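> Two chains, two separate frames, one set of hints: put the complex together.
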Amino acid sequence: MFELLGIPPQALFGQLLLGLINGAFYALLSLGLAVIFGLLNVINFIHGAQYMMGAFVAWMLLNWAGIGFWPALLIAPVVVAITGIVIERLLLRRLYHLDHLYGLLLTFGIAIIIEGLFRYRFGSSGQPYDNPLPGGHNLGFMYLPNYRGLVVVASLLICFGTWFVIERTRLGSYLRAATENPTLVRAFGINVPRMITLTYGFGVGLAALAGVMAAPIYQVSPLMGSNLIIVVFAVVVIGGMGSIMGSIVAGFGLGVIEGLTKVFYPEASNTVIFVIMAIVLLIKPAGLFGTPR
Amino acid sequence: MPEAASVDYLEVSGLNAWYGESHVLHGADFSVRRGEVVTLLGRNGAGKTTTLKSIMGIVARRTGTARFEGRELLGLPSDQVARLGIAFCPEERGIFASLDVEENLLLPPKVRDGGMTVDEIYQLFPNLEERRRSQGTKLSGGEQQMLAIGRILRTGATLLLLDEPTEGLAPVIVQKIGQVIRELKARGLTILLVEQNFRFAATVADRHYVMEDGRVIDQFRNDEVETNIDKLHEYLGV
Ligand SMILES: Nc1ncnc2c1ncn2[C@@H]1O[C@H](COP(=O)(O)OP(=O)(O)O)[C@@H](O)[C@H]1O
Ligand SMILES: [Mg+2]
Numbered sequence: 001m002f003e004l005l006g007i008p009p010q011a012l013f014g015q016l017l018l019g020l021i022n023g024a025f026y027a028l029l030s031l032g033l034a035v036i037f038g039l040l041n042v043i044n045f046i047h048g049a050q051y052m053m054g055a056f057v058a059w060m061l062l063n064w065a066g067i068g069f070w071p072a073l074l075i076a077p078v079v080v081a082i083t084g085i086v087i088e089r090l091l092l093r094r095l096y097h098l099d100h101l102y103g104l105l106l107t108f109g110i111a112i113i114i115e116g117l118f119r120y121r122f123g124s125s126g127q128p129y130d131n132p133l134p135g136g137h138n139l140g141f142m143y144l145p146n147y148r149g150l151v152v153v154a155s156l157l158i159c160f161g162t163w164f165v166i167e168r169t170r171l172g173s174y175l176r177a178a179t180e181n182p183t184l185v186r187a188f189g190i191n192v193p194r195m196i197t198l199t200y201g202f203g204v205g206l207a208a209l210a211g212v213m214a215a216p217i218y219q220v221s222p223l224m225g226s227n228l229i230i231v232v233f234a235v236v237v238i239g240g241m242g243s244i245m246g247s248i249v250a251g252f253g254l255g256v257i258e259g260l261t262k263v264f265y266p267e268a269s270n271t272v273i274f275v276i277m278a279i280v281l282l283i284k285p286a287g288l289f290g291t292p293r
Numbered sequence: 001m002p003e004a005a006s007v008d009y010l011e012v013s014g015l016n017a018w019y020g021e022s023h024v025l026h027g028a029d030f031s032v033r034r035g036e037v038v039t040l041l042g043r044n045g046a047g048k049t050t051t052l053k054s055i056m057g058i059v060a061r062r063t064g065t066a067r068f069e070g071r072e073l074l075g076l077p078s079d080q081v082a083r084l085g086i087a088f089c090p091e092e093r094g095i096f097a098s099l100d101v102e103e104n105l106l107l108p109p110k111v112r113d114g115g116m117t118v119d120e121i122y123q124l125f126p127n128l129e130e131r132r133r134s135q136g137t138k139l140s141g142g143e144q145q146m147l148a149i150g151r152i153l154r155t156g157a158t159l160l161l162l163d164e165p166t167e168g169l170a171p172v173i174v175q176k177i178g179q180v181i182r183e184l185k186a187r188g189l190t191i192l193l194v195e196q197n198f199r200f201a202a203t204v205a206d207r208h209y210v211m212e213d214g215r216v217i218d219q220f221r222n223d224e225v226e227t228n229i230d231k232l233h234e235y236l237g238v
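Chains A and B, in that order, give the protein sequences. Here the first sequence is numbered in the working numbering, starting from 1 and rising by one per residue. Here the second sequence is numbered in the working numbering, starting from 1 and rising by one per residue.
Calculated directly from the structure, the hints in this document are not laboratory data. Careful, some of the hints might be misleading.
[To be verified] Below, computed lysine to any residue pairings styled on SDA-like, alpha-carbon distance capped at 25 Å:
id, chain 1, residue 1, chain 2, residue 2
1, B, 138, A, 168
2, B, 110, A, 168
3, B, 138, A, 163
4, B, 138, A, 182
5, B, 110, A, 169
6, B, 110, A, 170
7, B, 110, A, 197
8, B, 138, A, 167
9, B, 138, A, 170
10, B, 176, B, 202
11, A, 284, B, 97
12, B, 138, A, 180
13, B, 110, A, 245
14, B, 185, B, 67
15, A, 262, A, 104
16, B, 185, B, 118
17, B, 138, A, 291
18, A, 284, B, 135
19, B, 110, A, 180
20, B, 138, A, 133
21, B, 138, B, 170
22, B, 185, B, 70
23, B, 138, A, 183
24, B, 110, A, 171
25, B, 138, A, 169
All of these numbers come straight from a predicted model, not from anything done at the bench.
So that you can see chain B by itself, here it is in the shape it has in the complex (with noise of 0.2 Å):
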């Protein structure tokens, strides 16, 4: 039977996306439950990005169904699906030049309540405090991720689009980053993370969906990742 915390809370499925011409997703399949983390691992280029983009609403070109809170999000453009309560980090980072480090963090407006506040997201990542009025891209990667992921804190969004957040920081960064990942769904926030690190997707993650040429080619719960280890090795070219 399935009970509240288990309906689906994304759904995603026949997800297909084009840049102009190009046809990158084929029909991606998979869904996020309340209060998860869940990862799409897959190698470059396997549509990863795209589908989190897809899901924005950043993506023009799609069709399929992605549903959050059971609604429709393929035909809102990405503002709104942001004020129904989605927020993104991307692969890039994006971080603002032309903003100080407090201005990034107050720029994505609040879209629900219960959000962090400024001084509890200083307490998650004390080096952004220190460094409150530095140029936004003056930051170190890892304070760059830490202040990319910071700012979508306050915003009150419940589910969070997080686009590798470890990709090329040092081992220590990772592991704190892990931590707050954890301690993000501890406060009852879902997460789609896309990782191409299983190492570290291990952690973090409940569940784990493998992509391959913009589909969903496999899935495994966390605890079948060890005995599932060749799999994932050869899916992932590691």
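Just chain A, with the same shape it has in the complex (with noise of 0.2 Å):
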């Protein structure tokens, strides 16, 4: 067996294949933030908690119906994704016209009551869910388990699916024009404000496939959002606020750099991803791939 600088093979693969199955959530909570801010100008903090919603879906699907995982994987979506259009049609859409700010705030406030009715009703400790996928692969410079290798492989079809779709497809020059010219493209008889509350309602389900998807990895429990989304809005301002591929490159790239000093610098893994986000905004205010606006 070879050693790199000292440390055994198996480690670092082991702590590459965990910062990848990170970046793989990292990247599919940005590339919904961004996928919203690029249309609704809303910065969405609801967003963690939509995440953890689409874990407990499943949670909830499994033990109250006794549906597993993999119809969850498609039911618990679109039940969070519907209770994201209802918030977006009540409530978002009237904030479109102000700045930033109020959006967030409004996400904000969202948040932290869904998080507490979460909160008051299972309590903060973690519901187990069990893996649907078990047993594993010796790869022979390491072991890789089936689930955590299919996490890695469906998130990332899943971004350049999405990606393909919005820069490749007509329905995806709808949005980026409405990106950039909402009042034009409806003009031009295309229903914009239903574009918006599907896209919207699109980057929830995002988030809440994300969080059926983490739900066997990490525990079910109300705070696993809040945990996430911190870090995932300086995945999301290193990648560039509404850039698509910057938020899958992002989030995969910034996942594994994590998991990369966990071996060589454990002291400093809690805190890496912020530090870059710090030296990103000041090289690159608008984000690596981000333009400013």
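Spelled out as structure tokens, the structure:
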């Protein structure tokens, strides 16, 4: 067996995989935030709570209705997306013409209410959720649990699928155009308000999907979203607010960097992302892939 | 006796419009018949753009009436106005930077049958086809104007609202746009054209309205332009 800078390969690749898995969730969540921010001009602070709701809906489906992981993968995001659509229709819609700050404050408040309700009902401790795909493969240099491999691959597919739809299809051209000039797109006959509602629903659904995928890895708990979302906002800032590719690259990249930091300099592993954020903000305030606006 | 062809296609009367508290249109009246090219002339700030935007439903606060084929437009959101068959080409052209030329061209959805095909539009504006993969805003000003006009020809809209399509363009491109407007008229489209350049307007239009301070203050048939040239100079401050 070889060693790298005195680090055993098992530890190195183990942390690399852990970094990739965290990165997969960073990417999924920051992608949803980017899609929402692009079109709605709202910094969706409910995103972490919606991720948590996805995990909880999967947990409830399993424990209360006996519906397992695979159907939950579809049902939970749809359920949570519908709650998002209601929030958009009733509340967010009224703030689009105002500064970002209003949307941020509203969504921040809603997030606190939702998390409070879940804590009230379920307490703060985590609930386990069984691994739907036990077992794994020994790759020689490391052991790869099947489910974790699946999460990384699925997240990559979802991220690049979303990128493809937005950057390369007709539907995506509507979205890009409406992000630039919604008034004109609407004057061409496109129902922009409906598009905004569906886009919000999609972004929220992505968060919930990430939550379902996270349930078997992390525990299902009311605070799982608020712990994660702080890091995700740093990822968004580094990638560039509203940039699709930026959120994907920064999500996976920072997950890996965080994992490697755990190997080489564990003391910094909790802060490395924020240090990078500070540096990026100083050098390129719009983020790595962002355009100033 | 009015014949079918001379019935008002677009009829605007008593049109008032506001931006917030600022009252910009004060009862504008005019009409356009099917198949006509009609211009709104007037100095900067007269309210021409606001008039088009009010018809389109882009200005939120309006009173009065604007009827298209007999249907009231005020009160409809702009996507529904477009779906009735009205297309808008804005003064600032509104080419999307995040879309390439062809995506810009394909953006406005079809609202009626009988629009031009993409090939026909490329025949009309060969430059656009050569540059179809370029970013929309990388085109020259003239090409962007052609793209802004070209993209609404696909939709099948039968009433086109063109806001100063010749503004800031070189004479040969202005000529080309004049030629295109005449061709569109020959195809049976109805056009409401906002212009400050009445020399150009006189080469394409059937009738002209003059706006000032948010009202229509005068009108001419195109064959009356020469005899009223002094008045026009005065109205337009040229
Ligand atoms: N978005 C706006 N907000 C406030 N006032 C506006 C706005 N757009 C135009 N105006 C004002 O409305 C008046 C008419 O403008 P406009 O319709 O653009 O004139 P024109 O197209 O004839 O040059 C002008 O006094 C202009 O300053
Ligand atoms: Mg104008």
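> Indicate, hint by hint, whether the structure satisfies it.
Each hint, compared with the structure:
1. Between residue 138 of chain B and residue 168 of chain A the CA atoms are separated by roughly 19 Å; this keeps the pair inside 25 Å, and the hint holds.
2. A C-alpha spacing of about 20 Å is found between residue 110 of chain B and residue 168 of chain A, which places the hinted pair at or below 25 Å, so the restraint holds.
3. This hinted pair checks out: residue 138 of chain B and residue 163 of chain A have alpha carbons roughly 23 Å apart, not beyond 25 Å.
4. Using a Cα cut-off of 25 Å, the hinted pair residue 138 of chain B and residue 182 of chain A holds, with the two alpha carbons roughly 21 Å apart.
5. For the hint pairing residue 110 of chain B with residue 169 of chain A, the CA-to-CA distance comes to about 17 Å; that is within 25 Å, so the pair holds.
6. Between residue 110 of chain B and residue 170 of chain A the alpha-carbon distance is near 13 Å, which keeps this suggested pair within the 25 Å criterion.
7. With a C-alpha separation of about 23 Å, the suggested pairing of residue 110 of chain B with residue 197 of chain A holds against the 25 Å cut-off.
8. Annotation: proposed proximity of residue 138 of chain B to residue 167 of chain A holds, straight-line Cα distance about 18 Å (limit 25 Å).
9. Note on residue 138 of chain B and residue 170 of chain A: the hinted pairing holds, with a Cα-Cα distance of about 20 Å set against a maximum of 25 Å.
10. Between residue 176 of chain B and residue 202 of chain B the CA atoms are separated by roughly 15 Å; this keeps the pair inside 25 Å, and the hint holds.
11. For a cut-off of 25 Å, the pair hint linking residue 284 of chain A to residue 97 of chain B stands: about 21 Å separates their Cα positions.
12. For the suggested pair residue 138 of chain B and residue 180 of chain A, the alpha carbons sit about 16 Å apart, so the restraint of at most 25 Å is met.
13. A hinted pair counts as satisfied when its Cα atoms are at most 25 Å apart, and residue 110 of chain B with residue 245 of chain A does not qualify at roughly 31 Å.
14. Of the supplied pair hints, the one linking residue 185 of chain B and residue 67 of chain B holds, its CA atoms being roughly 21 Å apart against a limit of 25 Å.
15. Simply put, residue 262 of chain A and residue 104 of chain A have alpha-carbon atoms about 32 Å apart, too far for the 25 Å limit, and the pair is violated.
16. A distance of roughly 19 Å separates the Cα atoms of residue 185 of chain B and residue 118 of chain B; the hinted pair therefore holds under the 25 Å criterion.
17. Taking the CA atoms of residue 138 of chain B and residue 291 of chain A, the gap is about 17 Å. The hint holds against a cut of 25 Å.
18. A threshold of 25 Å between alpha carbons decides the hint, and for residue 284 of chain A with residue 135 of chain B the separation of about 24 Å falls inside it, so the pair holds.
19. For a cut-off of 25 Å, the pair hint linking residue 110 of chain B to residue 180 of chain A stands: about 21 Å separates their Cα positions.
20. Taking the CA atoms of residue 138 of chain B and residue 133 of chain A, the gap is about 50 Å. The hint is violated against a cut of 25 Å.
21. Straight-line distance between C-alpha atoms of residue 138 of chain B and residue 170 of chain B comes to about 18 Å, which keeps the hinted pair within the 25 Å bound.
22. In summary, the hint linking residue 185 of chain B to residue 70 of chain B is supported, as the alpha carbons are separated by about 21 Å, within the 25 Å threshold.
23. Restraint check: the Cα-Cα separation between residue 138 of chain B and residue 183 of chain A comes to about 22 Å, which is no more than 25 Å; the hinted pair holds.
24. For the suggested pair residue 110 of chain B and residue 171 of chain A, the alpha carbons sit about 14 Å apart, so the restraint of at most 25 Å is met.
25. Distance restraint check for residue 138 of chain B and residue 169 of chain A: the Cα-Cα separation of roughly 21 Å lies within the 25 Å cut-off, and the hinted pair is therefore satisfied.
Violated hints for the displayed structure, listed by number in ascending order: 13, 15 and 20.
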